[in-house]
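Student: These protein sequences, in sequence, are chains A and B. The opening residue of the first sequence carries number 1 in UniProt numbering; numbering runs sequentially from there. The opening residue of the second sequence carries number 1 in UniProt numbering; numbering runs sequentially from there.
Please keep in mind that the hints were generated in silico from the structure rather than gathered at the bench. Misleading hints may appear alongside valid ones.
Partial list, derived from the structure: chain B residues whose beta carbon lies under 10 Å from chain A [said to hold, decoys possible]:
#, residue
1, Glu143
2, Glu146
3, Asp149
4, Leu150
5, Leu287
6, Tyr300
7, Leu332
8, Val336
9, Glu366
Calculated lysine to aspartate or glutamate pairs in the DMTMM-like style (CA-CA distance at most 25 Å, straight line) [to be verified]:
#, chain 1, residue 1, chain 2, residue 2
10, B, Lys335, A, Glu244
11, B, Lys339, A, Glu224
12, B, Lys319, A, Glu244
13, B, Lys339, A, Glu36
14, B, Lys335, A, Glu110
15, B, Lys350, A, Asp114
16, B, Lys339, A, Asp209
Where is the CB? At the ideal position from N, CA and C, for every residue including glycine.
Here is what each chain is made of, one letter per residue.
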Amino acid sequence: MEDSHVEILSASTPKLRIGIDGGDDKNWRRRVNGVEVSVPIVCGSIAFFRGKKAKEYRTHNWSVYVRGATNEDLGVVIRKVIFHLHPSFKNPTRVVESPPFTLSECGWGEFKIDITVFFHADACERKLELSHLLKLNPEIYSGPQSPNVPVVTESYNEIVFPDPFECFLARAHNHPAVHVSKLPEGFNLPPPPPGVAADESYYKMKKGDTKDHPLSHWFLKFSEADELFKLTATRHKVQADIAELKRRLVVVDAQPEQF
Amino acid sequence: MGGTDAKDILGLPKTPLSLTQEKKSRPQKESHRKPDGISREVYALTGGVAPLMPSIDVTHLKRRPPPDEKVAWQWLPVKSSARNDDLQLFHWVRVVNDVPPSGDYSFAKYNKSVDVLKYTDDEYENHLTDPVWSKEETDQLFEYCERFDLRFTVIADRFPLSRTVEELKDRYYSVTRSLLRARAQSPSDLANHPLMKEPYDMTRDRERKRALSMVLSQSRHQEKKDAEILAEAKRITEMRLAARRAAEPDVPANENIGSVSPSSNSQLPATAVAPSTLTMADYASTLASLRMLHVYLRTYGLEQMVQAASSAVGLRTIKRVEQTLQDLGVNLKPKVPTKTVCDEHLELRKEILTLLNLQKQLQYKESEGSSHREGAYASMPDTPKDRVFASEPFSFGAERPIKKEQKRKGPGRQSDTPSPAHKRPRKLKASDL
């Protein structure tokens with residue numbers, strides 16, 4: 001895998017090759033074990049009923065997207081996203097090569113959208129598959145849809161890079177979209193030399209966070225606090241019950257056979 | 001019965017009695033007896049009409065010998081090639097047309113015997129001596145083998161010196177092999193002889209018999225345990241194989257499950273320990289395989305770990321864990337799957353597994369101890385809810401406390417009220433008294 005990466009880079013620009021073939025090469029392809037990079041994302045869709053303008057096959061305007069959970073720029077990690085639409089769409093394979101990774105369309109049907117995420121070469125050479133169910137109509141019918149109130153379906157997830165490459169860590173560890181688990185003691189990340197990082201595509205991409213995205217005020221906020229609280233509270237209860245049962249087991253064991 | 005109509009249609013006589021005259025069309029059913037009384041009733045059942053098509057062809061039922069043959073049975077002497085003495089035996093013989101049957105006694109062909117090799121004294125001196133076996137013994141053994149057609153259990157019973165069956169077999173087969181080897185003109189002659197291709201191994205035979213007797217004498221309980229453990233082992237090896245295939249060789253080589261053959265039953269640790277060691281291996285290999293992916297979604301990672309945790313238990317237990325989670329108001333799949341949330345979720349699932357396990361143990365023990373004990377608190381807690389609200393064991397009838405952190409999980413779902421649609425049958429409860 002590592003060999004093919006080197007080939008990709010050298011094929012794209014001769015300039016980059018110099019940096020890589022130098023003694024630093026081995027360092028940059030080294031993985032940092034025990035460290036985890038995670039990128040919180042939200043995968044979702046927003047659908048507006050077209051109201052008066054609705055036609056039989058064009059009832060809703062909708063957008064599907066992969067955004068940073070706190071609306072940070074995912075371009076630091078993601079190189080491109082492919083949205084696989086229903087085959088009834090023209091050119092159902094829609095490629096988005098720069099952030100914000102959004103796709104907008106007009107249609108009438110709900111379907112599962114397969115999403116393939118490609119990363120910068122220094123992060124990972126494998127792609128990641130997600131899927132999202134496009135919803136146009138609200139779960140509970142509450143009267144005719146208003147064209148001003150969209151149906152928003154979002155789900156939170158995290159892209160995890162276990163044992164990330166050193167070069168990737170160096171480049172991305174301070175970026176707000178990226179969370180890095182605790183680095184080992186005394187670990188020093190050298191600053192990345194210019195030019196030796198991701199592909200050229202990284203530098204060509206326009207910066208794209210979704211903080212000012214036109215749809216951003218519909219985005220949901222995801223906080224782990226509630227769920228975490230619930231989980232820890234439940235764990236405490238279960239632990240207490242376990243203790244109680246253990247006590248009772250001891251009692252039963254101690255009893256001589258009766259009846 | 002509408003029998004008369006049917007008879008009209010068919011043009012048959014109306015009285016059932018006349019049917020007895022039609023031999024051909026009357027099926028030979030056991031229920032149709034000659035006596036009129038019974039047959040009339042039975043005929044009446046069928047509408048008083050015999051079936052149009054005879055279901056059994058009468059002629060097939062009793063094949064009588066052709067009338068021109070004369071068959072007699074005679075008490076005649078019998079000659080059998082299987083006998084090599086002069087004993088004259090008699091038996092009944094079916095004689096047809098005064099011609100007794102020809103040919104050998106029909107069972108003589110089953111008189112097979114074994115080709116037991118005979119060795120000369122020279123051969124014995126040269127090839128067959130053995131520290132443990134004397135010549136007399138070996139001679140005696142071979143004589144018995146010939147006499148008893150290699151029935152070693154019989155030979156062992158009669159052998160003057162007490163030798164085990166395996167020892168006798170071993171001696172016989174090794175002698176025969178040596179003889180064959182010594183006598184063979186060329187090695188290729190030997191190659192096909194079954195004794196050369198699969199030599200007898202005394203220790204293996206012993207082991208095999210011991211293992212067999214152990215398997216046969218296993219109690220049902222042990223059988224079940226064995227089956228479970230074998231299934232675990234299989235699952236683990238499969239997972240490991242998958243992890244190894246995806247991985248480079250840095251899969252942590254953790255737990256050794258120990259030999260799983262039935263003969264090592266007694267050496268296996270107690271049931272409580274075995275499953276936990278197995279799941280540790282599952283976790284380790286799951287983690288390894290996740291790392292080998294280089295990138296994955298947190299939810300996927302959690303799924304895999306949950307699977308690893310559930311691999312040691314059956315489907316029903318998994319369902320019970322999920323039911324418990326629902327009862328406790330926890331999402332089966334976390335809505336905000338951060339690392340911490342996922343870790344907590346996994347730990348919670350594991351704890352619930354422990355809880356259910358303990359409940360089962362307690363049930364088992366309590367029912368063992370006494371099956372007639374009454375009383376609310378002594379009765380087995382049948383739902384996790386009973387345990388969860390342990391602080392108020394007798395207030396099932398009362399209002400359940402509404403938790404403050406009640407959150408809308410989805411449209412209309414109330415997480416705290418006990419769902420009356422509990423599928424499990426409820427046993428004696430406090431509120432029932």
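Student: Take the hints in turn and mark each one as holding or not.
Tutor: Status of each hint after checking the structure:
For Glu143/B, the shortest C-beta to C-beta distance to chain A is roughly 61 Å, which exceeds 10 Å, and the interface hint is violated. Hint on Glu146/B is violated. Least Cβ distance to chain A is approximately 61 Å, over the 10 Å limit. With its C-beta approaching chain A no nearer than about 56 Å, Asp149/B sits outside the 10 Å limit, and its interface hint is violated. A least Cβ separation of about 54 Å between Leu150/B and chain A goes past the 10 Å threshold, and the interface hint is therefore violated.
The restraint placing Leu287/B at the interface with chain A holds, with a minimum CB-CB distance near 9 Å, inside the 10 Å limit. For Tyr300/B, the interface hint holds, the least distance from its beta-carbon to any beta-carbon of chain A being 9 Å, beneath 10 Å. For Leu332/B, the shortest C-beta to C-beta distance to chain A is roughly 12 Å, which exceeds 10 Å, and the interface hint is violated. Interface restraint check: Val336/B against chain A, minimum CB-CB distance 5 Å, threshold 10 Å, status holds.
The closest approach between the C-beta of Glu366/B and any C-beta of chain A is roughly 6 Å, which is under the 10 Å cut-off, so the hint is satisfied. Restraint check: the Cα-Cα separation between Lys335/B and Glu244/A comes to about 31 Å, which exceeds 25 Å; the hinted pair is violated. In summary, the hint linking Lys339/B to Glu224/A is supported, as the alpha carbons are separated by about 10 Å, within the 25 Å threshold. Restraint check for Lys319/B and Glu244/A: satisfied, since their Cα atoms lie roughly 23 Å apart, inside the 25 Å limit.
For the given pair, Lys339/B sits about 10 Å from Glu36/A by alpha-carbon distance, which is consistent with the 25 Å threshold. Distance hint between Lys335/B and Glu110/A is fulfilled; the C-alpha atoms sit about 22 Å from each other, no more than 25 Å. The straight-line distance between the Cα atoms of Lys350/B and Asp114/A is roughly 32 Å, outside the 25 Å bound, and the hint therefore fails. Restraint check for Lys339/B and Asp209/A: the C-alpha separation of about 23 Å stays at or below 25 Å, so the hint holds.
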